[in-house]
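Engineer: The chain contents come next:
There are 2 protein chains.
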Amino acid sequence: MAAAAPPPPPTPAPSAPTGLPDSDSTPVGHPLFTRIRLATPLDIPHIHKLIHQMAIFEKLTHLFTATESSLASTLFKSPPFQSFTIFLLEVSAHPFEKDSNLHSQSFTPIERIFNLDHTLIDPEAETFKSGINCDVVVAGFVLFFPNFSTFLGKPGFYVEDLFVRECYRRKGLGKLLLSAVASQAVKMEYGRVEWVVLDWNVNAIKFYEEMGANVLPEWRICRLTGPALEAYRDAI
Amino acid sequence: MAAAAPPPPPTPAPSAPTGLPDSDSTPVGHPLFTRIRLATPLDIPHIHKLIHQMAIFEKLTHLFTATESSLASTLFKSPPFQSFTIFLLEVSAHPFEKDSNLHSQSFTPIERIFNLDHTLIDPEAETFKSGINCDVVVAGFVLFFPNFSTFLGKPGFYVEDLFVRECYRRKGLGKLLLSAVASQAVKMEYGRVEWVVLDWNVNAIKFYEEMGANVLPEWRICRLTGPALEAYRDAI
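Going down the list, the protein sequences come from chains A and B.
By the count of full-length UniProt numbering, the first sequence reaches residue 236 at its end, each step adding exactly one.
By the count of full-length UniProt numbering, the second sequence reaches residue 236 at its end, each step adding exactly one.
Please note that a few of the clues may not be correct.
As the list claims (entries may be wrong) - Listed next, the in silico DSSO-like pairs over lysine-lysine satisfying Cα-Cα at most 27 Å (straight line): (1) K206/A to K77/A; (2) K98/B to K59/B; (3) K77/B to K187/A; (4) K187/B to K129/B; (5) K129/B to K77/A; (6) K77/A to K77/B; (7) K129/A to K77/A; (8) K59/A to K49/A; (9) K59/B to K206/B.
Hints were generated in silico from the structure; no laboratory data involved.
Here the structure is a predicted model, which means the values were calculated and not measured.
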């Protein structure tokens with residue numbers, strides 16, 4: 001958890017996203033078309049690269065041992081929302097083409113247009129290209145899974161990671177990703193959405209509190225890992 | 001999470017549990033036969049009562065809204081260990097009868113004998129009776145579920161609740177329950193077991209550290225719940 005928590009999130013969007021475009025509306029300024037969709041096994045190479053960037057950002061590359069293979073063997077083993085689930089954030093300078101493959105019974109992709117002050121230069125656009133023959137690139141992700149409150153007697157979501165690539169930060173995209181998880185939780189009648197933050201990360205704390213979250217002051221995470229966990233192999 | 005975390009755990013057993021009894025061995029002193037098994041939907045009434053006792057213990061009954069019905073509609077929907085999983089702790093003054101129904105492909109019940117200094121009086125033995133025509137009673141439980149570390153690229157377990165009824169505390173039963181989860185994590189090649197503790201609960205922290213866990217000082221839990229979560233219903 002410590003090794004994979006949300007980085008300092010982007011500050012609220014300078015210009016709020018508009019809704020889905022009407023058929024005859026023309027975005028003004030420099031539109032950034034964004035889409036949140038469920039990730040699939042085909043996205044694993046991009047997801048692996050994003051996690052690696054997050055490890056660099058958090059100066060925790062020494063803890064980064066995930067491989068595409070380890071992700072492939074543990075993710076996407078259950079239907080969306082029942083276990084580890086990833087929302088992928090894609091962006092494009094042009095409207096997204098309709099892709100019925102992306103629509104599933106459990107989740108309809110979310111599209112928003114952000115009107116920016118200037119055109120964005122993405123130095124890694126080629127590396128994070130999503131699909132063939134298009135300018136859609138992967139800009140970030142959120143990984144979450146169900147947790148459970150015995151007191152409420154119902155599940156919630158725990159957000160393990162929230163990451164937006166550097167050139168797309170401070171535009172409201174992190175807020176959009178987290179809002180998508182919160183919205184999904186409400187739709188499923190879940191009781192809570194939880195995640196962790198570093199106590200010295202005042203910008204992140206402010207951002208989360210503005211989103212309606214409480215930061216619990218008294219609870220500490222206990223972690224049993226490495227050789228200390230391995231010691232329990234023959235303990236029972 | 002705050003509302004349902006482990007209570008101050010029992011201190012280590014004054015007398016360590018012995019292994020499974022040999023067919024011709026006779027336990028000395030006052031033996032307490034214990035068994036950890038997977039809970040089933042039939043255990044929901046007992047589980048609900050245990051959670052309620054935990055809420056009383058933590059002085060958090062105002063947060064307790066779980067009902068047998070809400071538990072029944074959310075627990076036991078996936079195979080053991082893939083989602084919310086409960087180990088039930090049963091105790092008896094006599095050896096457990098063999099019950100092949102309790103053995104599953106995924107988990108073989110764990111039996112241990114604790115030799116106590118004196119006979120235990122359980123004032124709630126009738127309320128927590130497990131099954132018919134026997135003296136087996138439910139003494140506690142642990143509820144856990146998979147979490148995921150992106151940096152490790154593999155799952156772990158998160159322990160939401162660990163509870164032992166009052167008259168069975170300070171005998172090593174809490175440690176046995178937590179060890180059973182840790183052992184299961186190792187068997188499944190999971191990377192971590194995590195839970196939370198209140199920062200002022202020095203006895204619990206000492207106990208967990210003696211079990212090999214690290215308490216992470218800097219991370220804080222963020223929680224979005226109630227009306228603040230509900231506000232996201234139409235946000236996306």
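Engineer: All hints, please: hold or fail.
Structural biologist: For each hint, the structure was consulted:
no., hint, result
1, K206/A to K77/A, "violated (35 Å)"
2, K98/B to K59/B, "violated (39 Å)"
3, K77/B to K187/A, "holds (19 Å)"
4, K187/B to K129/B, "violated (31 Å)"
5, K129/B to K77/A, "violated (38 Å)"
6, K77/A to K77/B, "holds (15 Å)"
7, K129/A to K77/A, "holds (25 Å)"
8, K59/A to K49/A, "holds (15 Å)"
9, K59/B to K206/B, "holds (22 Å)"
Hint compliance for this structure: hints 1, 2, 4 and 5 are broken, all remaining hints hold.
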